[in-house]
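Chemist: In case you want the letters, here they are:
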Amino acid sequence: MPLFDGKDKSRYASFTRRSLGLTGGMAAVFAVLTGRLYQLQIRNGAQYRTQAEENRVNQRLIAPPRGRIIDRFGVELANNRRNYRVLIVAEQAADGVEQALDAISKVILLTDAQKKRVLRDVGANRKFVPVPVAENLSWEEFARINMHLPYLAGVQPDVGQTRDYPFGAEMVHVLGYVGAVSVGDKKDDDDPLLDLPGFRVGKTGIEKAYDAQVRGTAGSSRVEVNAYGRVIRELSRDQGVPGQDVWLTIDCELQRFTDQRLGTESASCCVLDAQTGDVLTLSSTPGYDPNLFNVGIKQNQLDTLTYDDHKPLINKALSGAYPPGSTFKPAMALAAVQNGLKDLRVNCNGAMTLGNHQFHCWKRGGHGTVDLERGIAQSCDVFFYEVARRLGIDKMEVAARALGLGAPTGIELPHESGGFIPSAAWKVQRYGIPWQQGESLVTGIGQGYVLTTPMQLATMAARIASGRAVSPRIVHSIGGKAEPRPLPDPLPFSGEAFTLVRAGMNAVVNGGGTASRWRIAQPGMEMAGKTGTAQVRRITKEERATGVKSNASLDWKLRDHVLFIAYAPVEQPRYALACIVEHGSAEGHPQVEIARDVLTFAQQRDPLARRPAYPANAAMRGLPTLLGGQG
Amino acid sequence: MSTRPYAAARRTLSVVDKLYEVNWGLVLLITVIACVGIAMQYSVAGGSFTPWATPQIWKYMLGLTILVVVAMVDIRVWLDFAYPAYAVALLLLIAVVIAGHVGKGAERWLTLGGLGVQPSEIMKISLVLALARFLHGQSVEDISRPTRLLTALAMIGIPAVFVVLQPNLGTTLIILADGASLLFLAGLSWWWIGPALASVAVAVPTLWQFVLHDYQKRRVLTFLDPESDALGAGWNITQAKIAIGSGGATGKGFLQGTQSRLNFLPEKQTDFIFTNFGEEFGFVGCVALLILFGVVIGYGFQIANNARSQFGRLLAMGITLNFFFYIMINAAMVMGLIPVVGIPMPLISYGGSAMFSVMFGFGLLMSVHVHRQVEIPRHSGGII
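Line by line, the protein sequences are chains X and Z. FYI, my numbering numbers position 516 of the first sequence as 516, with every residue one higher than the one before it. FYI, my numbering numbers position 351 of the second sequence as 351, with every residue one higher than the one before it.
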């Protein structure tokens with residue numbers, strides 16, 4: 001048998017053919033692979049590049065510093081303070097998180113609840129995410145943590161920012177407070193900041209009304225992360241836009257004085273610039289510490305505030321609606337003069353009879369013959385019954401509304417009540433029965449359906465004092481730009497009407513009237529005003545027969561509210577005030593005493609005569625030639 | 001001893017002669033590709049020689065030694081070793097499957113004397129050797145005889161069954177493809193090839209129904225629609241495509257690939273190493289690498305056709321095709337053309353077993369080249 005035969009030759013030829021074919025096939029596969037590479041890298045390269053970037057880059061929001069809230073003289077009412085806190089990074093805690101927490105609790109106070117929360121948060125996050133252990137530490141606590149740091153593996157001291165209210169409860173009803181973002185906050189707001197853990201938004205007061213302005217715009221930090229979310233490095237950083245400062249017309253000193261003067265009463269006192277409506281003081285006592293809501297209020301603290309019968313959570317200056325009582329009478333007097341009743345004289349014998357119903361004057365024996373000035377000074381009910389009987393409810397309503405009652409004043413704060421001024425049409429619509437004349441009489445002395453807020457009453461006082469339709473304004477400028485404040489229009493009452501009513505209000509204090517015990521003696525600082533009492537209980541016929549019980553003998557809850565509106569000085573008024581003390585009726589008029597002290601302090605300190613520190617003023621000073629060039 | 005094989009050789013080569021005969025151009029080409037691999041190992045470690053690049057260098061050096069030593073060994077010795085090697089590989093394969101069943105779940109590795117050995121890698125080379133030897137003894141007419149053909153098919157089928165039992169679908173596919181290619185090269189009649197292709201078409205649904213494991217089916221299904229499970233099983237394919245695609249035309253530059261450095265790529269140093277290369281060097285780099293691979297394959301084709309013995313021809317072409325199937329399956333897998341089957345990119349991926357098996361294969365290829373003038377009669381039994 002030969003070593004090689006023809007069969008070898010034939011299979012060599014076949015091999016060459018077929019191997020060539022296979023190699024061609026391989027080349028074809030490589031061509032397909034190249035085509036796929038072309039498709040992935042050239043045709044869709046840009047799209048995959050974007051996806052790789054999205055993989056790689058995480059956008060992290062940076063909360064901008066919240067704008068400050070500042071009073072007219074530059075006092076910071078709300079600012080940001082350093083928030084000393086302690087974080088823990090689970091993966092760095094060599095002996096475990098629990099061990100680390102025990103170590104921390106030997107240095108600073110740590111409750112079991114806090115520990116439990118930290119362990120829960122650690123479990124819910126990746127091991128390298130820092131979890132807050134304790135916030136708002138004192139400097140001393142923070143220093144202790146730092147000192148013990150070498151023995152606290154995985155513990156990170158950190159300085160953040162948090163809202164601070166240096167004046168606490170004294171400013172809370174103006175400023176409001178910030179708190180954690182709720183579902184409701186997110187409903188109409190798609191700001192990404194709201195999703196930031198620990199972010200705070202304004203919940204009430206200026207903080208809420210100007211939240212958008214003081215919040216600022218989110219900054220961002222672009223960080224490179226790996227597939228597990230760990231941050232590798234920062235790629236770029238945008239600090240965002242800090243929130244704008246809000247300058248208020250409030251005079252912090254005057255407000256604090258007023259607050260202290262109201263003391264522990266459930267009360268409210270507002271002081272306005274009588275000519276412009278700038279709010280100098282908006283007090284409502286008692287208050288509460290807004291810082292509690294920022295750091296997270298405990299349930300028992302909230303319960304204490306909620307169930308307190310002095311209602312600290314309510315801003316009484318704006319949300320409290322009270323029957324104005326006799327403080328309503330100047331409005332009726334203006335309406336009377338305007339409607340030709342300036343020479344009206346009424347004989348008061350202690351009551352007025354309408355149909356078969358007796359309408360009593362507060363003074364049992366009556367005032368005798370009473371004219372307009374005396375009617376105001378002595379607060380004669382019968383006189384104003386007669387005014388009301390003659391005017392009718394519709395003219396009364398027009399006058400009350402002209403003085404700013406019955407509708408929100410439009411102050412830049414949330415939760416403002418509009419009060420209420422009744423009308424004949426309303427009565428029919430609401431109850432289906434026509435307006436009764438007796439109801440006009442009751443309305444004439446500020447009782448019945450009438451409701452007003454302290455801010456409305458202060459506005460009314462300012463309007464009477466200035467003769468113009470001033471409205472309360474509390475925000476002067478935002479971010480250095482002054483809010484527009486047009487000159488208020490004149491009111492639709494004659495000069496004679498104002499002269500007569502002001503004379504009456506002057507007589508209340510300085511002419512032997514109901515508040516004459518509390519006149520301001522300093523020359524040039526005299527105040528004019530009008531007292532008022534609002535019953536919170538019904539006096540029965542039987543009680544009236546045996547003698548009306550004195551307020552002092554009643555439970556606090558049953559005592560009358562006492563009110564006072566005032567302006568000062570009598571000549572050229574600049575400060576207008578309204579004060580109400582809930583259930584404050586006692587011997588004397590505590591609310592008048594408060595008002596006298598506040599107005600005295602206001603005029604001595606005289607914030608309106610001082611140059612305010614508004615940034616807009618500074619900007620104006622920069623443009624002297626433009627403004628003064630023509631002169 | 002009726003025939004002395006040496007008598008058939010034109011001349012007997014000394015070791016020095018053989019070293020001179022080695023195709024050093026091909027060795028250089030392989031080294032260049034291996035260097036690309038080492039650079040990639042350096043890159044996916046974030047610009048560090050540890051933990052992969054330095055061991056990879058040593059593994060390549062050892063592989064290179066294996067190549068040269070294997071190339072020095074006379075091709076007739078390999079002819080003699082073909083069947084014993086196949087037998088040993090088969091035994092190891094059976095051992096690993098049994099060990100896998102005794103233990104729990106997938107088992108592809110055997111530990112022999114402290115070294116991890118993957119019998120399926122040994123089997124790929126051994127099968128090419130054994131089939132080349134068997135087919136060397138058959139004329140074109142012989143191949144198409146049913147008994148001979150059945151013997152050949154058994155030689156392919158038995159290891160394939162054990163590998164698929166491991167379970168290792170990727171290697172099974174390579175074994176089947178290697179075997180089929182060798183049968184084709186040996187001159188199998190088209191009368192067999194046609195019906196075989198038809199039966200494959202029938203077999204695929206059958207395989208799906210009865211043979212594939214759940215995780216293998218899931219891989220296939222995920223492949224068909226990777227976005228359906230973008231964070232689960234589809235993650236690999238999606239991220240691999242992002243990596244390659246984001247390289248664009250010219251790539252992000254060496255060490256600039258973010259996908260692997262930030263651990264978005266699975267198995268970044270082994271099966272998915274090509275995605276990092278694509279990300280850093282782009283379309284241009286990928287095509288260049290494919291061209292390098294193509295030149296290696298071209299060398300293989302040339303060596304096969306220059307060999308005087310049918311054993312040498314079949315062996316050279318078998319090794320070349322084996323190398324090609326690695327590249328094809330790995331590249332197609334990471335580019336999302338076929339399901340993820342767990343096949344490394346030869347010379348680039350990290351790992352000793354695959355490196356040694358590939359370099360051993362190149363050693364055989366080189367042996368064919370060095371001994372290309374050796375003629376071996378059809379009925380020869382080799383040297384021994």
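Keep in mind that the hints are not guaranteed to be accurate.
If we take Cβ atoms under 8 Å as the criterion, some of the chain X residues that face chain Z in the derived model are [stated by the list, open to error]: (1) K9; (2) R11; (3) L40; (4) V231; (5) F359; (6) K549; (7) N551.
Residues from chain X shown here face chain Z by an in silico Cβ test under 7 Å; the list is partial [what the hints assert, rightly or not]: (8) A13; (9) S14; (10) R18; (11) N55; (12) S236; (13) R237.
Chain X regions said to be covered by chain Z (calculated; three or more residues, Cβ under 8 Å) [to be verified]: (14) 21 to 29; (15) 217 to 227; (16) 423 to 430.
Hint data in this document are derived by calculation from the structure and do not stem from the laboratory. Predicted model only: the values in this text are computed from it and were never measured. Just so it is clear, CB atoms sit at the ideal spot from N, CA and C, and this is done for glycine as well.
Chemist: Against this structure, judge whether each hint is valid.
Modeler: How the hints compare with the structure:
Restraint check, X:K9 versus chain Z: the minimum CB separation of about 10 Å is more than 8 Å; hint violated. For X:R11, the interface hint holds, since its Cβ comes within 8 Å of a Cβ in chain Z; the closest pair sits about 5 Å apart. Checking X:L40 against chain Z: minimum C-beta separation of about 4 Å stays under 8 Å; hint holds. Because the closest C-beta pair between X:V231 and chain Z is about 11 Å apart, greater than 8 Å, the hint is violated.
Taken as an interface hint, X:F359 does not check out: its beta carbon lies about 80 Å from the nearest beta carbon of chain Z, beyond 8 Å. The interface hint given for X:K549 is broken, as the beta carbon of that residue sits about 77 Å from the closest beta carbon of chain Z, more than 8 Å. The criterion of a C-beta within 8 Å of any C-beta in chain Z is not met by X:N551, whose closest approach is roughly 73 Å, and the hint is violated. The closest approach between the C-beta of X:A13 and any C-beta of chain Z is roughly 9 Å, which is over the 7 Å cut-off, so the hint fails.
For X:S14, the shortest C-beta to C-beta distance to chain Z is roughly 4 Å, which falls under 7 Å, so the interface hint holds. Nearest Cβ of chain Z to the Cβ of X:R18: about 5 Å, under the 7 Å cut. The hint holds. Because the beta carbon of X:N55 sits about 5 Å from the nearest beta carbon in chain Z, less than 7 Å, this interface hint is met. Here the hint on X:S236 is broken, as its CB sits about 15 Å from the closest CB of chain Z, past 7 Å.
Checking X:R237 against chain Z by beta carbon gives a least distance of about 19 Å; that is not within 7 Å, so the hint is violated. Coverage of a stretch by a chain is defined here by at least three residues with a beta carbon nearer than 8 Å to that chain's beta carbons; for the region 21 to 29 of chain X and chain Z the count is 5, and the condition holds. Against chain Z, the region 217 to 227 of chain X contributes 4 residues with a C-beta closer than 8 Å to a partner C-beta. That satisfies the three-residue criterion, and the hint holds. For the region 423 to 430 of chain X, the assignment as covered by chain Z is violated, since 0 residues bring a beta-carbon within under 8 Å of that chain's beta-carbons and 3 are needed.
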